[in-house]
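Those protein sequences? They're chains S and F, same order as listed. The first sequence begins at 1 in the numbering used here and counts up by one. The second sequence begins at 1 in the numbering used here and counts up by one.
Hints are computed from structural coordinates only; laboratory data are not their basis. Incorrect hints may appear among the rest.
Here are the simulated SDA-like cross-link-like pairs (lysine to any residue), alpha carbons at most 25 Å apart as the crow flies [claimed, not checked]:
| id | chain 1 | residue 1 | chain 2 | residue 2 |
| --- | --- | --- | --- | --- |
| 1 | F | Lys53 | S | Ser203 |
| 2 | F | Lys53 | S | Glu201 |
| 3 | F | Lys53 | S | Asn206 |
| 4 | F | Lys53 | S | Met130 |
| 5 | F | Lys141 | F | Glu106 |
| 6 | F | Lys59 | S | Gly190 |
| 7 | F | Lys53 | S | Glu134 |
| 8 | F | Lys59 | S | Asp198 |
Chain S residues, not near chain F, derived (Cβ > 10 Å throughout) [what the hints assert, rightly or not]:
| id | residue |
| --- | --- |
| 9 | Arg19 |
| 10 | Met114 |
| 11 | Val209 |
All C-beta atoms, glycine included, are put in the ideal place defined by N, C-alpha and C.
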Amino acid sequence: MGEAEAPRWLAGPGVAGRRTLALVAGVGRSALFLGATLRRMFARPFRGRLVLQHMRFIGNRSVGIVLLTSTFTGMVLVLQGHNALSRFGSEIYLGPLVALSLIRELGPVLAALMVTARAGSAIAATIAGMRVTEQIDALEVMAVDSVQYLASTRMLAALLVVPMLTAFFNLAGIAAAHTFGVSVLGIDGGTFMASIRDSVELSDVNVGVAKSLLFAIFIAWVSTDQGYHATRGAEGIGRATTTSVVVVSVLVLAGDYVMTALLL
Amino acid sequence: MDEYTRTEISVGFFVIAGVAAIAYLSLSIAGVQLFAGHGTTVTGRFASVGELKEGATVKIAGVPVGNVRSIKLERYAAEVELGIADTVAIPADTIASIRTEGLLGEAYVMLRPGGSERNLASGERLGQTESAVDIVDLIVKYALEKP
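In isolation and in its complexed conformation, chain S is listed as follows:
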């Protein structure tokens, strides 16, 4: 009995304390990483070609899935809205219902979730793979700023591309709602579009754009951070991918509530 052993009942609190400390440290590390990423966004040498490649990966390659999901979103909105509003003879509000739901809420949120699922997960996996195969160390050895090279370029690309994808989502959703409503539900297409033009204001579009910019930061931040700080080989890659998708999805939905509460 040289050293006094900690009593058994202290083991529980000890573990809890270590976990809490790890969580707090993880949050701090991510926040510092975000700061480092944003600071290097326009740093020299400016890697324009890399930004273009990331824009193509996050933007162009997401167009298909964004258009597909927005079509169904627009159709279900017009179907539900028509069902609810026709009971009160208020079909004239169908257009504003569809357009405002899409532009203010569903467009930014669903587009961000689709980009996360498609591109965010891939970003986390790619960077985690580079980490565990020591390619990031190799970058540092070559005097390349790895945070700028891997994270800042993707942050800039996401900030440019996500608002545009959101606009595609909104327009395709409205177009699908219009087509479906006119051809299947028999609503008047002219009234539908005129009521949208009457009710949607520039401030609604601005709210949507502000949200999509915030979500773009979430996507680029969490997926690069998770990849950059991946550990433990192949398992670490999988963990980084899963964690980034889950965390971004939660952040997007929570952030959407906060933004709506602030901007309404």
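Guided by the hints, dock chain F onto chain S, whose structure is given.
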């Protein structure tokens, strides 16, 4: 074609389409206040504006010609400022009344132009106004005054 990479071209297409989509959303869908900024501004005093709100439509013969700029209380009456498109002349003896679309629809301002030779200039006042009709008031009146 060798001067440009596939990435440059495809991102170029994406960005052009993206900017066009955002522009269409904010310019056409959001319809950047057609009558805001320029145009004639006339005011009218109403005993009651009912459910009329800022931004509501102003119509002549059912055709939208402008919108409500502001509603203020002045000497216990509602002072309503109407922004009307430049292209429409408002005769001096025009009557303004507040109506609703259908029984429960949105309130709007209906203008009935008179025959006056003189047109109102910006900042002038509409002489005759009719207040909003309160449906509930009418029902109460009818129910109580019935013999």
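What are the numbers of the hints the structure violates, in ascending order? 4, 7, 11
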